[in-house]
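Novice: Below are the chains, spelled out letter by letter.
Number of protein chains: 2
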Amino acid sequence: MGIKERHERDREAVSRAILDAARELFVAEGFQNVSIRKIAERIEYSPAAIYGYFPSKDDIFFALAEEGFRLLGDPAAVRQDPQLQHAPPIERIRAVFWRFYEFSREQPQYFALMFVDRSVPRISREYERFAFARDLKQHIVEELRACIAAGELPATLDPFVAMRALTAGLLGVAVLRLSERLAPGENSDLLASDVLNLTLAGLRAGVTLQSPARVDCPLDIPAPIADAQAS
Amino acid sequence: MGIKERHERDREAVSRAILDAARELFVAEGFQNVSIRKIAERIEYSPAAIYGYFPSKDDIFFALAEEGFRLLGDPAAVRQDPQLQHAPPIERIRAVFWRFYEFSREQPQYFALMFVDRSVPRISREYERFAFARDLKQHIVEELRACIAAGELPATLDPFVAMRALTAGLLGVAVLRLSERLAPGENSDLLASDVLNLTLAGLRAGVTLQSPARVDCPLDIPAPIADAQAS
DNA sequence: TAATATTATGAACAGTGTTCACATATTAAG
DNA sequence: CTTAATATGTGAACACTGTTCATAATATTA
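Protein sequence lines, in the order shown, are assigned to chains A and B.
Counting from 1, one number per residue, gives the positions in the first sequence under our numbering.
Counting from 232, one number per residue, gives the positions in the second sequence under our numbering.
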């Protein structure tokens with residue numbers, strides 16, 4: 001009996017239509033400015049119908065954020081890029097973080113939703129769901145560990161701190177770009193490249209860092225409980 | 232006749248009450264979650280009354296952003312800090328950017344409104360009004376120029392690029408903190424300090440940078456016309 | 001064909017930013 | 001002191017928002 005299967009396919013199709021419409025509208029108009037009614041109109045359903053597929057507008061965001069992490073998630077693919085397979089580990093680090101920055105260009109709204117926007121439901125609410133995203137961070141730490149093992153970064157360096165520093169730098173450039181704080185002539189790509197090289201040079205220089213290593217929970221997303229700075 | 236003066240004082244008092252209420256509510260609940268009605272209720276006025284003082288909710292934000300820039304604006308004061316008066320120029324750079332980061336801690340909502348949030352009216356809409364904020368950036372560039380002149384940074388370094396790199400790094404840390412992307416045990420202060428030292432070390436290392444110098448319009452806020460990524 | 005489970009809908013609720021005619025003071029002029 | 005003029009605050013309303021729910025329509029099963 002393929003009827004139940006077809007039912008599930010139909011549901012999946014509508015669900016996809018909702019997500020596609022929501023994504024397109026978010027990319028075009030920003031999360032805050034997209035209403036359930038607009039999404040409903042786009043897919044020619046009633047606003048209430050959407051609530052048969054997603055319990056809330058927040059949940060539509062979570063579904064899209066998951067897609068976003070999987071889109072970005074191919075730094076794992078970068079890791080297996082044949083061209084980079086036998087490149088120096090430091091080049092792979094460069095590639096991974098460059099991809100992080102490029103993602104902020106290619107998918108600015110995804111990036112903003114995932115890493116910047118504060119008026120968006122906190123991903124930490126869905127702790128389990130985004131476990132795979134935490135694993136990505138762990139991979140990067142391993143790559144950095146490889147750099148240290150290969151002697152391309154000082155042995156005294158904490159790979160977790162290095163990951164944070166690189167993330168912070170490129171995130172900063174991305175935010176400057178996304179929040180339109182760069183002067184008209186400024187090239188954010190060049191700035192991102194400079195920040196990447198600058199931070200790597202700083203890491204190589206072996207300055208004494210203060211941040212303690214974090215072996216446990218070395219990930220972006222905090223534990224699910226706290227919500228101190230509630231909105 | 233002090234009657235007109237008293238009138239102006241009265242208006243100023245109500246205006247201040249609105250801003251104070253708005254600021255407190257923004258700090259407590261976030262810009263997006265504060266309604267004109269909530270502000271009105273707080274000051275025991277009708278919602279419509281507020282529109283006699285500010286033409287829109289956006290304009291309340293602009294007024295607060297201006298306050299925020301003036302609060303932060305004391306890196307100019309840092310510049311004249313007697314303790315730093317005869318300190319090496321590089322230490323004054325450190326102080327200025329550390330203050331930038333500290334501001335993100337002490338006034339997280341101000342900081343978010345001014346530098347991060349994208350669901351807030353673009354400051355570039357009020358180009359003239361925030362000219363003084365652009366001057367602050369110029370001061371920092373001058374400080375960096377002094378570092379180069381003093382031989383504490385390479386002569387090949389473009390001070391404007393250096394400013395951007397330092398801004399990006401600390402902005403990144405601030406965003407990591409504000410968007411709650413740090414693991415529970417992570418200390419963002421230490422990370423900020425590390426990023427600051429790391430970037431300075433990178434700058435000292437004299438890596439070849441690509442970003443071209445920008446003598447004209449070397450400021451955060453773009454020209455007032457463009458609004459391509461409209462919401 | 002009749003009963004049953006899904007699914008979509010219109011209407012409504014409580015909230016939002018904003019506008020506007022109207023009432024209400026407060027000041028200036030006669 | 002009374003009257004005209006000028007601000008200033010208000011309630012009601014408009015067009016939105018996210019969300020809920022009883023009802024209607026549909027498709028599947030018996």
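Hints listed in this document are in silico derivations from the structure and should not be mistaken for laboratory results.
Think of the CB as a built atom: it goes at the ideal place given N, C-alpha and C, for glycine as much as any other residue.
Some hints could be false.
[To be verified] Calculated lysine-lysine pairs in the DSSO-like style (CA-CA distance at most 27 Å, straight line):
{"#": "1", "chain 1": "B", "residue 1": "K368", "chain 2": "A", "residue 2": "K38"}
{"#": "2", "chain 1": "A", "residue 1": "K57", "chain 2": "B", "residue 2": "K269"}
{"#": "3", "chain 1": "B", "residue 1": "K269", "chain 2": "B", "residue 2": "K288"}
[Stated by the list, open to error] Listed next, the stretches of chain A that the computed footprint assigns to chain B, with coverage defined by at least 3 CB atoms under 8 Å from CB atoms of chain B:
{"#": "4", "stretch": "34-43"}
{"#": "5", "stretch": "144-156"}
{"#": "6", "stretch": "166-172"}
[Claimed, not checked] Among chain B residues calculated to face chain A with C-beta under 10 Å, some are:
{"#": "7", "residue": "S266"}
{"#": "8", "residue": "Q314"}
{"#": "9", "residue": "L315"}
{"#": "10", "residue": "A318"}
{"#": "11", "residue": "I354"}
{"#": "12", "residue": "A380"}
Novice: Hey, does the L315 (chain B) contact hint survive, CB to chain A under 10 Å?
Specialist: L315 (chain B) check fails; min Cβ-Cβ to chain A is 21 Å, beyond 10 Å.
Novice: Mind checking the CB of I354 (chain B) against every CB in chain A and telling me if the closest is under 10 Å?
Specialist: 9 Å, holds
Novice: Taking a Cβ-to-Cβ distance below 8 Å as contact, does the stretch 144-156 of chain A have at least three residues touching chain B?
Specialist: violated (count 0)
Novice: Can the restraint linking K269 (chain B) and K288 (chain B) be considered satisfied, given a maximum Cα separation of 27 Å?
Specialist: Holds. K269 (chain B) to K288 (chain B) sits at ~12 Å (cutoff 27 Å).
Novice: Is K368 (chain B) within 27 Å of K38 (chain A), Cα to Cα?
Specialist: With a Cα-Cα distance of about 41 Å, the restraint between K368 (chain B) and K38 (chain A) is violated, given a limit of 27 Å.
Novice: Verify the coverage statement for the stretch 34-43 of chain A against chain B, using a C-beta to C-beta distance below 8 Å and requiring 3 or more qualifying residues.
Specialist: Not satisfied, violated; 0 residues make the cut.
Novice: Quick check: the stretch 166-172 of chain A, covered by chain B? Criterion 3+ residues, Cβ under 8 Å.
Specialist: Holds, because 6 residues of the stretch 166-172 of chain A bring their Cβ atoms closer than 8 Å to Cβ atoms of chain B.
Novice: Measuring from the C-beta of Q314 (chain B) to each C-beta in chain A, is the shortest one below 10 Å?
Specialist: Because about 22 Å separates Q314 (chain B) from the closest Cβ in chain A, which is outside the 10 Å limit, the hint is violated.
Novice: Hey, K57 (chain A) versus K269 (chain B), does the alpha-carbon distance stay inside 27 Å?
Specialist: Holds, at about 24 Å.
Novice: Measuring from the C-beta of A318 (chain B) to each C-beta in chain A, is the shortest one below 10 Å?
Specialist: Hint violated; A318 (chain B) Cβ to chain A Cβ min 19 Å, cut 10 Å.
Novice: Does S266 (chain B) pass the interface check with chain A, least Cβ-Cβ distance below 10 Å?
Specialist: 13 Å, violated
Novice: When the nearest CB of chain A is found for A380 (chain B), is that gap smaller than 10 Å?
Specialist: Result: violated, 21 Å to nearest chain A Cβ.
The structure is inconsistent with the numbered hints 1, 4, 5, 7, 8, 9, 10, 12, although it conforms to all the rest.
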